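Q: Which chain is which? The protein sequence lines are A and B, in order.
Going by my numbering, the first sequence wraps up at 250, each residue one higher than the last.
Going by my numbering, the second sequence wraps up at 210, each residue one higher than the last.
It is worth saying that the hints were derived from the structure and are not from the lab.
Please read all numbers here as calculations on a predicted model, not as lab measurements.
Misleading hints may appear alongside valid ones.
Claimed, not checked - Dumping the calculated SDA-like pairs for lysine to any residue here, alpha-carbon to alpha-carbon at most 25 Å:
1. A:K132 x B:G119
2. A:K116 x B:V130
3. A:K119 x B:K151
4. B:K122 x A:D63
5. A:K79 x B:G110
6. A:K119 x A:Q93
7. B:K151 x B:Y112
8. A:K87 x B:K122
9. A:K116 x B:E98
10. A:K186 x A:D63
11. B:K136 x B:S102
12. A:K26 x A:R189
13. A:K79 x B:V109
14. A:K220 x A:K87
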Amino acid sequence: MIKAEHISKSFGDNVVLTDISFELKKGQVLSIIGPSGSGKSTLLRIITQLERADNGTLNIDGDYLFKSNGERAEYTGSKKAREIGLKVGLVFQSFNLFPHYTVLKNITAAQRAVLKRSKEESEEKAIVLLRKMSLEDKAHSYPFELSGGQKQRVSIARALALDPEVLFFDEPTSALDPELTREILKVIRDLSEENMTMAVVTHEMAFAKGISDWAIFMDKGVIVEEGSPAELFDSPKEDRTRRFIKSFEE
Amino acid sequence: MQLLLQLLKGTGVTLEVFSLTLIFSLPLGFVVCAGRMTRILPIRWIVDLYIQIMRGTPLLLQLLFFYFAPFYIFGASLPRFWAAILAFTLNYSAYFAEIYRSGMQAIEVGQYEASKVLGFTKAYTFFHIVLPQVIKNIIPAIGNEVITLVKDTALASTIGVIELFRIAQTASSREFSTIPIFVAGVFYFIMNYVVSKIFDVVEKRMAYYR
Ligand SMILES: Nc1ncnc2c1ncn2[C@@H]1O[C@H](COP(=O)(O)OP(=O)(O)OP(=O)(O)O)[C@@H](O)[C@H]1O
Ligand SMILES: [Mg+2]
């Protein structure tokens, strides 16, 4: 579904990603862990087109978003890029709901404006998703009336409403307290049981281990180690990985 | 009675200056704001300088300038009324532009990013996501500016526009009485009372979200 090869990215002199390659297969869940500043968000932002890669190749669901010509990443045309963009959804740490829209409109706006669905169809879809998120009674509330966990569930519903092929989560629970975190982790777990293809950046080690089919540990812009969750979390080969995972154990 | 009629007539002129200035400067402020935020450097420098001048020199001086300067340069002045409108419009556009800009900058980058990831076009993002929030953000500041404008219109008297203040002043010196000035004060007060009530209502209507 996603195939990344040799992606690199710098901000000025600051090299943020070096030679990142990985693969995410349909129906699988990938977790990405690593210390602050290791480039996890930047990687997700390149895949969701919020940043541009300097070099590398990225194939999403059979289409190339960009291809390396040896020197740098050559991007596909903007029309194609938009098309590819619709296949990936992103859930932010800070929710980024639209404060002036009701919960319902947060979920229907893009369906209508981007996918040109009818009002009825998009609302129907929104209601189904809200029910799934146990939020059907909040359809007409505004984001400021919701708890953090509820906001994050709305933002997940907003992303799912566009039927993405892959959903990316960038520390979806980092702004939440433990109880609300559990709430969101359950939603993501439920999605994985429906075989939603997902990649999750998270500091919730037990969750990452439990949910993912494949795990990546990044540090300073490189993939230090990757493997099945059992390998990576229980018997990491690299010293850096071991130390990082251990730091979450107390 | 005679006096009251005269003052009412002056109020009419004051309201004309007031509304024409708003009609021109509220939209023009958008253009200035765009110029202030453009990536094209020469334009930004010029617009920057323009805003600095408009905010850094007395409005009174600007009024005199727009009335007298065309005479020295072209040998003909604008009619007093239109010179006043020109000066007020250029001055208030600069202030409105700065208010718009701060309103734009208060929008979190996450709003743009969420819009982008959801596939909204730039135009859709601006008109449906950003602009409504900007408008809500800037209503109080615009309200302050509009209230100041009501009072500033009195400055038009200095270039001989026969508006409320000028009529009150003339009547006062003719009749050796402060009553006309006092009545004019009441008129200004009433106008601004109405303005601030209108803005209160607008603010309340936009308070459905935070
Ligand atoms: N827009 C930007 N401009 C300049 N530097 C940036 C930008 N975005 C990120 N960086 C830098 O890139 C590096 C990696 O940042 P990134 O946000 O990808 O890390 P992260 O792994 O997501 O960290 P965290 O766990 O704190 O979220 C950091 O050094 C950061 O300062
Ligand atoms: Mg991050």
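Q: It remains to establish, for every hint, whether it holds in the given structure.
A: Evaluated hints:
no. : hint            : verdict
1   : A:K132 x B:G119 : holds (23 Å)
2   : A:K116 x B:V130 : holds (21 Å)
3   : A:K119 x B:K151 : violated (48 Å)
4   : B:K122 x A:D63  : holds (24 Å)
5   : A:K79 x B:G110  : holds (23 Å)
6   : A:K119 x A:Q93  : violated (29 Å)
7   : B:K151 x B:Y112 : violated (39 Å)
8   : A:K87 x B:K122  : holds (19 Å)
9   : A:K116 x B:E98  : violated (37 Å)
10  : A:K186 x A:D63  : violated (32 Å)
11  : B:K136 x B:S102 : holds (12 Å)
12  : A:K26 x A:R189  : holds (16 Å)
13  : A:K79 x B:V109  : holds (24 Å)
14  : A:K220 x A:K87  : violated (28 Å)
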